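Trainee: The chain contents come next:
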Amino acid sequence: MPESEPTSQRSRIGAAKERAEKAKTVLLAAAVLAFFGAMGFERGAHHNSTSSSNTPAASSEESDGLGFFDDGGLAPSQGQPSTTTHTS
Amino acid sequence: MGCLVEVGGATSREALAIERIFQARDRQFSRFNDNSELSRVNRALREVVTVSKTFGQMVERALAAASATGGLVDPTLAGALAAAGYDRDFEALEPRADAARAGAPGRWRAVRMVGRLLMRPVGLELDLNGVVKGQTVDEAVGLLSGDGFVAAGGDYAGRGEVDVELPGGDSVRVTHGGLATSGTTKRRWLRAGVWQHHLIDPRSGRPAESPWTEVTVSAGTCLQADVAAKAAFLLGHDGPAWLEARGLPGRFLPEDGEPVVNHAWRRSVLVPVAA
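Going down the list, the protein sequences come from chains L and F.
Counting along the first sequence from 1, when you hit position 34 you're at 34 in the numbering used here, and nothing is skipped either side.
Counting along the second sequence from 1, when you hit position 10 you're at 1010 in the numbering used here, and nothing is skipped either side.
Rather than coming from a laboratory, the hints here were simulated on the basis of the structure.
Take the hints with a grain of salt, since some may be wrong.
Unchecked claim - Listed below are several chain L residues computed to face chain F (Cβ distance under 10 angstroms; list not exhaustive):
# : residue
1 : 18
2 : 68
3 : 69
4 : 70
5 : 74
6 : 82
7 : 84
These figures come from a predicted structure and were not determined experimentally.
Every residue gets a Cβ at the ideal spot worked out from N, C-alpha and C, and that includes glycine.
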């Protein structure tokens, strides 16, 4: 019985290796799919943009910007300005 | 970036670090330096280009700005800027007799970032200058250990409360966040006797026509303020309401006449007069 232990351990290690290889294959396949998916999406976007190049910029599919902008803080000036925000 | 950088309240070590970050960004993102990463990307003859982490982050910010403004602030207008005549360092621009051309309209939806891979149609040139300037001002002010400010080409961010002069006179106290002004009084040039400027309307591919000469906006960061100011300028008469809907204070300077401010600006800045 004692000699059966290494055999069982070996088989468990072998099974674990097999599972790891399968997982790697799945991950690689997912990465390849994601890459080509993104490429296809980009090509679609390219096609759309050339076929409708004069479409007005604003459209309902875009965000309304409400999540992009945060509040700043302004108050009446109380002295000589230290700097300017003259145009870019 | 072709603008003066002003720093207040920095130690000499902090001022040096700020100078270096602006120089590095200029080397990386200049349209007019053949060795910049931006030029390399714009020249690339492949649809997929590997970019640096910083470059990829700037593209992602630019795409977020485009989405937030309905495509008004578009990072794909480098070709349109060149068609309008802005094809070299601003200081080197001279009046020319040939007329400006319209460039291609904005195509920001054709640009994607996946990890460090930038995907865009070959020949579609990026101009990230506005986003890079605003973001760099925000990062630079983060290098200050005490109260102070960083201002560059209309963009301002500060730590502590600072009074800032506005276009056309007046001044305002910025208590936190950023302040930015976009307009056409400085960065403009003549082509065939017609004034051109750098605020391109992505719908036409030409310099925008707007009732405003300068639009100033306050927001949580300098980058946000810069993006909002450009969008509000391009929206013309709809600009004040667009800012109001986002709770952003805006001040609009027309060609002639007094500044126009939206309600958010008035609530923040104007002192009520006792009856």
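Trainee: Now tell me, hint by hint, if it's right for this structure.
Mentor: Evaluation of the provided hints:
For residue 18/L, the interface hint is violated, since its Cβ never comes within 10 angstroms of a Cβ in chain F; the closest pair sits about 30 angstroms apart. Restraint check, residue 68/L versus chain F: the minimum CB separation of about 3 angstroms is within 10 angstroms; hint holds. Evaluation of the residue 69/L hint against chain F yields a held restraint, the C-beta minimum of about 5 angstroms falling below 10 angstroms. At a threshold of 10 angstroms, the smallest CB-CB gap from residue 70/L to chain F is about 3 angstroms, leaving the interface hint in force.
Among the interface hints, the one on residue 74/L holds; its C-beta lies about 4 angstroms from the nearest C-beta in chain F, closer than the 10 angstroms criterion. For residue 82/L, the suggested interface contact is upheld, since its CB lies about 5 angstroms from the closest CB of chain F, less than 10 angstroms. About 4 angstroms separates the beta-carbon of residue 84/L from the nearest beta-carbon of chain F, less than 10 angstroms, and the hint is met.
Of the numbered hints listed earlier, the single one contradicted by the structure is hint 1.
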